[in-house]
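Here are the chains, one letter per residue:
2 protein chains.
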Amino acid sequence: MHADDLLNSNYVKWMLAEEAPASDIVISSRIRLARNLNLIPFPHLLDQKSGERSLAEIQAAWQKSQDPILREMELLTFDQLSPLDRQILVEKHLISPNHAAANEHYRGLLVNRDGALAIMINEEDHLRIQCLLPGLQVEACYEMAERIDDQLEKNLNFAFDESRGYLTACPTNVGTGMRASVMLHLPAITLTGLANAIFQNIAQLGMTVRGLYGEGSEVVGNLYQVSNQVTLGQSEEDIINNLTTITAQMVDQERIMRSRLANETRFQLEDRVGRAFGILTNARIMTSNEALNLLSDVRLGVDLGIIKDIRPFALNELMAAVSPAHLQKRSGQEMDPFQRDVKRAEVIKEKLG
Amino acid sequence: MHADDLLNSNYVKWMLAEEAPASDIVISSRIRLARNLNLIPFPHLLDQKSGERSLAEIQAAWQKSQDPILREMELLTFDQLSPLDRQILVEKHLISPNHAAANEHYRGLLVNRDGALAIMINEEDHLRIQCLLPGLQVEACYEMAERIDDQLEKNLNFAFDESRGYLTACPTNVGTGMRASVMLHLPAITLTGLANAIFQNIAQLGMTVRGLYGEGSEVVGNLYQVSNQVTLGQSEEDIINNLTTITAQMVDQERIMRSRLANETRFQLEDRVGRAFGILTNARIMTSNEALNLLSDVRLGVDLGIIKDIRPFALNELMAAVSPAHLQKRSGQEMDPFQRDVKRAEVIKEKLG
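For the record, the sequence lines run as chains A and B.
Be aware that the first sequence starts at 463, since it is given in the working numbering, and climbs by one per residue.
Be aware that the second sequence starts at 463, since it is given in the working numbering, and climbs by one per residue.
Think of the hints as simulated: they come from the structure by calculation, not from any bench.
Some hints here could point you the wrong way.
Identical copies look the same in the list; a pair holds intra-copy or inter-copy alike.
With a straight-line cut-off of 27 angstroms between C-alpha atoms, the simulated DSSO-like cross-links for lysine-lysine are [what the hints assert, rightly or not]:
id	residue 1	residue 2
1	K791	K616
2	K813	K475
3	K770	K811
4	K475	K791
5	K813	K791
6	K616	K811
7	K511	K475
8	K770	K813
9	K475	K526
Produce the entire structure from the sequences given, and follow the hints as far as they go.
This is the structure we're talking about:
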């Protein structure tokens with residue numbers, strides 16, 4: 463069962479930075495389509511019977527599909543996934559923190575082998591089709607997500623309104639039901655104090671900036687998730703083009719600020735990167751936030767050639783590997799925060815040292 | 463000329479921790495005897511003629527002596543020593559900062575091959591006989607200093623008063639003219655917040671606590687210089703016994719606190735030591751104070767066996783090597799503070815990396 467691989471390894475598709483465009487700055491791109499089944503209450507209103515019906519309809523549609531992409535996927539319902547396993551999927555960005563917190567057995571996930579495709583079942587909506595790829599590939603994500611969407615729609619009756627589009631549990635998703643997002647690593651923009659001004663501009667263009675785990679999560683490690691705010695009154699193509707254009711501009715800006723840092727304050731930059739590497743490879747106790755912040759410095763050092771012999775893939779993998787659930791899975795035991803901080807330092811030393 | 467060795471290498475006798483008792487905590491012991499010549503004004507009142515006379519009398523007495531210890535010494539007058547060279551001698555603790563700041567050619571230094579013995583000429587007093595050894599060896603320092611004193615007294619007429627003892631330029635040195643001191647590395651006492659209480663006790667026992675370069679210098683790197691405050695009304699033996707006893711107590715206390723840290727907060731201790739080592743071996747820019755503070759953590763790690771393969775000698779040598787004058791001597795050029803910070807990081811990386 464490839465779900466075991468997903469749970470036991472650190473690797474998922476979006477980490478493969480080497481394959482991807484602009485992956486020195488764009489960690490990943492994501493499309494998420496919210497879909498709901500006609501005549502079944504939205505997930506927050508589900509009882510056991512209607513929840514099971516929702517799951518059964520989705521499962522049947524998936525099994526009927528002949529598309530090899532869908533056939534390759536596996537179904538994991540929450541009775542098969544421990545809370546720790548679900549947390550691991552969150553840390554790999556395959557399901558949302560909210561989904562992981564739910565307990566009902568009719569909640570679940572369809573996921574492919576490398577985690578590029580994941581369909582949350584009975585999260586906030588009956589289906590949340592997600593495609594997650596490394597680098598700046600919003601368009602490619604959309605093509606894959608749309609393909610899944612089309613395949614499933616052959617056998618499912620989606621709640622759809624001619625004038626309003628796809629109906630969703632939360633009105634902010636009505637219309638396309640689409641959220642397009644990119645995860646950006648912007649250390650130079652942050653260091654030079656430009657981040658706030660840039661994000662204010664972006665907000666005026668209908669985009670939102672969030673932290674590593676989406677809504678409500680704080681920004682650490684200079685990682686920013688930028689996504690469209692509006693789902694209604696804009697076509698999917700417009701949203702994707704808009705996000706891609708804005709992202710490309712931010713990539714340019716980050717590159718300019720990086721080369722300015724590298725040229726004008728070379729020693730300070732090398733000092734910052736060196737210290738981060740030195741602490742990461744020698745500390746004995748490390749919090750998650752400190753790790754992400756130091757890994758951000760090291761990533762910048764790798765991107766600028768200050769540090770050799772570390773691949774961006776290893777850093778992406780490490781971001782997941784040092785998260786609480788991954789650490790506990792690796793140790794085979796529950797750990798309190800202090801034990802995790804010790805284990806985290808150990809894992810980092812092993813991977814980077 | 464062995465003075466060249468002293469100026470160009472980092473090594474002097476007090477750094478040889480491996481040979482010395484309690485050298486995990488007592489970096490060095492020092493005896494300094496203040497002596498003045500009869501019928502010549504104290505140094506701060508010297509004019510060129512009387513200054514040259516003072517120097518000539520001391521030089522003649524030294525040359526007449528048959529004692530191999532004195533014969534091995536070399537005379538360096540300030541016309542032979544650039545300001546940078548003098549600063550190097552300060553950083554090796556062979557002369558005082560005040561002496562280094564003077565410019566008259568009749569000021570100088572008699573020094574032996576390994577820097578254990580040094581006689582400042584025309585500093586605050588006409589002679590300041592110093593013996594500096596690694597570890598807790600106040601008694602041994604005194605024996606060597608007294609031997610020099612006796613030898614020189616055969617051919618010099620010291621200013622001496624039957625009731626008051628040796629006369630000195632500053633009344634705080636009158637009597638024995640002796641200052642006995644130890645340089646202590648007390649990271650555990652400092653970390654556990656006990657330092658202030660202990661130093662208040664010591665003050666009541668007639669001892670003073672100072673920083674790395676004596677009077678007026680700040681405490682960095684958890685290095686404390688403890689010395690006798692009183693020179694009058696106590697015999698040399700009393701002063702030495704008193705300092706040795708108090709030092710032994712502090713050594714015990716520091717050892718107790720170290721093993722408490724090692725037992726009760728092992729991970730935190732290893733974390734602190736590891737981070738210090740990681741930063742020292744990876745930074746690109748480092749101030750002198752930061753270096754001394756981090757080297758203190760590394761030294762503690764070496765003493766407690768957390769870090770292997772670094773000898774205490776190397777750390778003592780490094781303390782001198784990263785001081786401003788040593789860095790400039792090594793580079794063969796004057797450097798501004800930023801250039802020194804860069805060079806310092808480079809030297810540390812080379813020595814510890």
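How the hints compare with the structure:
1. K791 / K616: neither (39 angstroms within a copy, 80 angstroms between copies)
2. K813 / K475: Classified as within; 19 angstroms inside a copy, 42 angstroms across copies.
3. K770 / K811: Answer is both: 16 angstroms inside a copy and 17 angstroms across each meet the 27 angstroms cutoff.
4. K475 / K791: within (20 angstroms within a copy, 54 angstroms between copies)
5. K813 / K791: Intra 17 angstroms, inter 40 angstroms, cutoff 27 angstroms: intra-copy only.
6. K616 / K811: neither (50 angstroms within a copy, 65 angstroms between copies)
7. K511 / K475: neither (35 angstroms within a copy, 86 angstroms between copies)
8. K770 / K813: Both, since 14 angstroms and 22 angstroms are each at most 27 angstroms.
9. K475 / K526: within (26 angstroms within a copy, 85 angstroms between copies)
Of the hints listed earlier, those the structure fails to meet are numbers 1, 6, 7, in rising order.
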